[in-house]
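Quick note, the sequences are listed as chains E and U, same order. Per this note's numbering: the first sequence = residues 1 to 523. Per this note's numbering: the second sequence = residues 1 to 169.
Just to be clear, a hint being listed does not mean it is correct.
Beyond 10 Å from chain U on every Cβ pair, some chain E residues (computed) [to be verified]:
#, residue
1, 7
2, 81
3, 265
4, 385
A few chain E residues facing chain U, derived, Cβ under 10 Å [unchecked claim]:
#, residue
5, 6
6, 10
7, 14
8, 15
9, 18
10, 24
11, 26
12, 29
13, 33
14, 34
15, 35
16, 112
17, 115
18, 118
19, 440
In case anyone wonders, no lab produced these hints; they're calculated from the structure. The C-beta atom is built at its ideal place from N, Cα and C for all residues, glycine as well.
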Amino acid sequence: MIDDGVTAVVREAFRRQEYQVDGAAHGLVPAVLAKVATRRRTRHAVTAALAVIAVLAVFTGVSAVWWEKPPLSVGKPVRNLPSGRSFFTTSIVKNGHTEPVAPGTGIEVSFDAQGIVAYAGCSRMWWTSARLRDGRLVLTGAQGGTGMVCTAPGVLDQESWLFRFLSNQPKTRVAGNELFLTGSDAELHLTASPDSPPPSWSQRRATGWGTACVGESPPEPSPGSIQRLQFCNSTLDIPANPALDQCPHGQIRFDYGYARPPLPPNVVALTVDGMGYADLEHTGINDVVALIGCRVGQSDAGQVLAFKRGPGGTIQTMGRVVTTGLNTITSIDGAWGTNATGGYDGLADSVRVWVGSGRGSDEWRQWASVDQGRVYRWTGSGFVQVYGSTSFLADHTTYNLTVTAAPIVFEKPVDGNRVGHVTVTVHNLGTQPVPQVSLFAHFPNHAVDGTCNIPIPRQGDPDCPMGTIAAGGTWQSTLTLTIRQSGLDRDGNPNWSSPDGGIQLKVGDQLYTELHNFTATYS
Amino acid sequence: MGPAFEEFVAARGEALLRFALMLCADGDLAQDLVQSVLAKAYPRWARIVAMQRPEAYLKAVLINEHLRWWRRRSSRELPTAAPLVAEHSPVTGSDHAGYHASRDAAWELLCSLPRRQRAVLVLRYYEDLPDAEIATILGCAESTVRSQAARALAVLRALVPTMDREALP
Numbered sequence: 001m002i003d004d005g006v007t008a009v010v011r012e013a014f015r016r017q018e019y020q021v022d023g024a025a026h027g028l029v030p031a032v033l034a035k036v037a038t039r040r041r042t043r044h045a046v047t048a049a050l051a052v053i054a055v056l057a058v059f060t061g062v063s064a065v066w067w068e069k070p071p072l073s074v075g076k077p078v079r080n081l082p083s084g085r086s087f088f089t090t091s092i093v094k095n096g097h098t099e100p101v102a103p104g105t106g107i108e109v110s111f112d113a114q115g116i117v118a119y120a121g122c123s124r125m126w127w128t129s130a131r132l133r134d135g136r137l138v139l140t141g142a143q144g145g146t147g148m149v150c151t152a153p154g155v156l157d158q159e160s161w162l163f164r165f166l167s168n169q170p171k172t173r174v175a176g177n178e179l180f181l182t183g184s185d186a187e188l189h190l191t192a193s194p195d196s197p198p199p200s201w202s203q204r205r206a207t208g209w210g211t212a213c214v215g216e217s218p219p220e221p222s223p224g225s226i227q228r229l230q231f232c233n234s235t236l237d238i239p240a241n242p243a244l245d246q247c248p249h250g251q252i253r254f255d256y257g258y259a260r261p262p263l264p265p266n267v268v269a270l271t272v273d274g275m276g277y278a279d280l281e282h283t284g285i286n287d288v289v290a291l292i293g294c295r296v297g298q299s300d301a302g303q304v305l306a307f308k309r310g311p312g313g314t315i316q317t318m319g320r321v322v323t324t325g326l327n328t329i330t331s332i333d334g335a336w337g338t339n340a341t342g343g344y345d346g347l348a349d350s351v352r353v354w355v356g357s358g359r360g361s362d363e364w365r366q367w368a369s370v371d372q373g374r375v376y377r378w379t380g381s382g383f384v385q386v387y388g389s390t391s392f393l394a395d396h397t398t399y400n401l402t403v404t405a406a407p408i409v410f411e412k413p414v415d416g417n418r419v420g421h422v423t424v425t426v427h428n429l430g431t432q433p434v435p436q437v438s439l440f441a442h443f444p445n446h447a448v449d450g451t452c453n454i455p456i457p458r459q460g461d462p463d464c465p466m467g468t469i470a471a472g473g474t475w476q477s478t479l480t481l482t483i484r485q486s487g488l489d490r491d492g493n494p495n496w497s498s499p500d501g502g503i504q505l506k507v508g509d510q511l512y513t514e515l516h517n518f519t520a521t522y523s
Numbered sequence: 001m002g003p004a005f006e007e008f009v010a011a012r013g014e015a016l017l018r019f020a021l022m023l024c025a026d027g028d029l030a031q032d033l034v035q036s037v038l039a040k041a042y043p044r045w046a047r048i049v050a051m052q053r054p055e056a057y058l059k060a061v062l063i064n065e066h067l068r069w070w071r072r073r074s075s076r077e078l079p080t081a082a083p084l085v086a087e088h089s090p091v092t093g094s095d096h097a098g099y100h101a102s103r104d105a106a107w108e109l110l111c112s113l114p115r116r117q118r119a120v121l122v123l124r125y126y127e128d129l130p131d132a133e134i135a136t137i138l139g140c141a142e143s144t145v146r147s148q149a150a151r152a153l154a155v156l157r158a159l160v161p162t163m164d165r166e167a168l169p
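The following block holds chain E by itself, in its conformation from the complex (with noise of 0.2 Å):
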């Protein structure tokens, strides 16, 4: 999506703020628990006075009262370990031998702040306390885990085998980029990216790139697949991008989800930014389906691109399922089908990619983005769209649709705010019925609210759907938006032939045609 700079100032006015806030969270947790306290004391105030009355009504008796005291404890911070890191290894050493771990996976120790995280390739497990005492890693604090349930062979035995080697207190040491943890029957020799340390959360945050790395993992794959972690940190064979031919190409190392340093000149960034699993080629192996963006200078561009595993771990590029062009890719669905509770179904084999039209930085064509879910699937040789819109543009030969809109009339202006009514009216002129109709619209000189006369279970901008139209049909709704007396110029007009704003005609989830002069009655 091409910028103007004005999210860069967004993201750059919170990240200006956060100090307010900067040391506020040690007091929290007593504030908030004499909080619950008087909560607490109030309600057993209430409750034990109603008692005492209805005692005291029936017996003559007393009552007591009786206050719940909450408990208080803090967690222990990390001292000397590695905050902020995280170290991987797919080799277990064991009495001496260098094992493999369980196929298709790999176990990953990270540090924050407070404690530690550990994956062996099914469940997260975490610690919420950690520390370092006479060279020995000590788990203290509350223990929990994401309690997935993995049937791939061995791997819930290495997960308990990595539970117990952590909770017995393993030698500590970190040299550099390496972390060697010692038990008494095994050795780990992780290590962490050779160049930096990932990313911090907060850095992340604040470009929004790379964020397939980070975060909610992508549904489980198949024992054997190519995991995040893995594919995150591989060498990845990038063909060139042809929205964008600055694009960085061939043989790129990516490190937590960037590509990694020297780019060319003008190139900010290449990172993974989607990232699903789909069995491409009924192996019963899933292959990675991932987003690929690329930012130069202030454009962008991505490119979805599927990954299968190669002879000796390597990561193997299959091809390109799409690419931006006129158009953004927002998200990817890999295997689309498997869980899906209506619509098309069945097609563990695809991916979904959702395409939107919305490309530039002007308002009305970033908002009004037609956007559309299209499935691919692989061919053997390459991959072909099996459903899903083809086109933004609705078959204008198929459809004969004509739309009207009726001057907008404004209410006189109520608390600076003006009310306005557009009857909107929709002939099918076609000999066939047309199905999935909807307006939608968007006026942004100061527009507030908006509604449409059908009844739909949400506010904003008017989204009305109107259904199936007959041949020779007609349809209508009025849309009542309110706008700001502000907005108006000086004459008491908005600008209605500005291109920002409009209304929308669809089929489906493709664009019939678009509505942008109007004229206005005022009250």
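With chain E's structure known, arrange chain U on it following the hints.
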């Protein structure tokens, strides 16, 4: 079993406070808001921590509570020394450009946005959530998220000078 309540707050309390600050633009109000939400969460902690993403749940509650607070508070007078939300008023005179050139002006503009629009920007650009997730949290359509964001950005785009934006990385 997830972390104990105290441990969770010790670990993630500051993140919740920062998030609340972005929503309500006032440090003290942010603390009140977070304390109130956590106090409500405390008795139900076992159920909350059993969720896949307790922090995301609490942030969603923070937003709803914030919007509810606003409705409650907007109907009564607030005895504050400084305005809770910096009013965006036209600045006249020779200092106009300098006023807007300040990065803090962008924050003030953000503060002057309607709360729902600001919530969308916070979720989109501070939390980096996709529009679909924002729509779920706010209980609205994705298109509404887009339009709210577009409106908010249009206001900022019109008022933050181009020079200031170009100076950013």
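Against the structure, the hints:
1. 7: With a cut-off of 10 Å, residue 7/E comes too close to chain U, as the shortest Cβ separation is near 6 Å.
2. 81: At roughly 15 Å from the nearest Cβ of chain U, residue 81/E sits farther out than 10 Å, so the non-interface label holds.
3. 265: holds, 15 Å
4. 385: Correct as stated: the minimum Cβ-Cβ distance to chain U is 22 Å, above 10 Å.
5. 6: Nearest chain U Cβ about 5 Å off; hint holds.
6. 10: holds, 5 Å
7. 14: holds, 5 Å
8. 15: At about 8 Å, which falls below the 10 Å cut-off, the nearest Cβ of chain U leaves the hint on residue 15/E intact, so it holds.
9. 18: holds, 5 Å
10. 24: holds, 5 Å
11. 26: holds, 8 Å
12. 29: It holds, given that the least Cβ distance between residue 29/E and chain U is near 5 Å, below 10 Å.
13. 33: holds, 7 Å
14. 34: holds, 9 Å
15. 35: Holds: closest Cβ of chain U sits about 4 Å from residue 35/E, inside 10 Å.
16. 112: At 8 Å from the nearest chain U Cβ, residue 112/E passes the 10 Å test, so the hint holds.
17. 115: holds, 8 Å
18. 118: Violated. Min distance 15 Å.
19. 440: Hint on residue 440/E: holds, closest Cβ of chain U at ~7 Å, below 10 Å.
In summary, the structure is inconsistent with hints 1 and 18 from the numbered list given earlier, while agreeing with the others.
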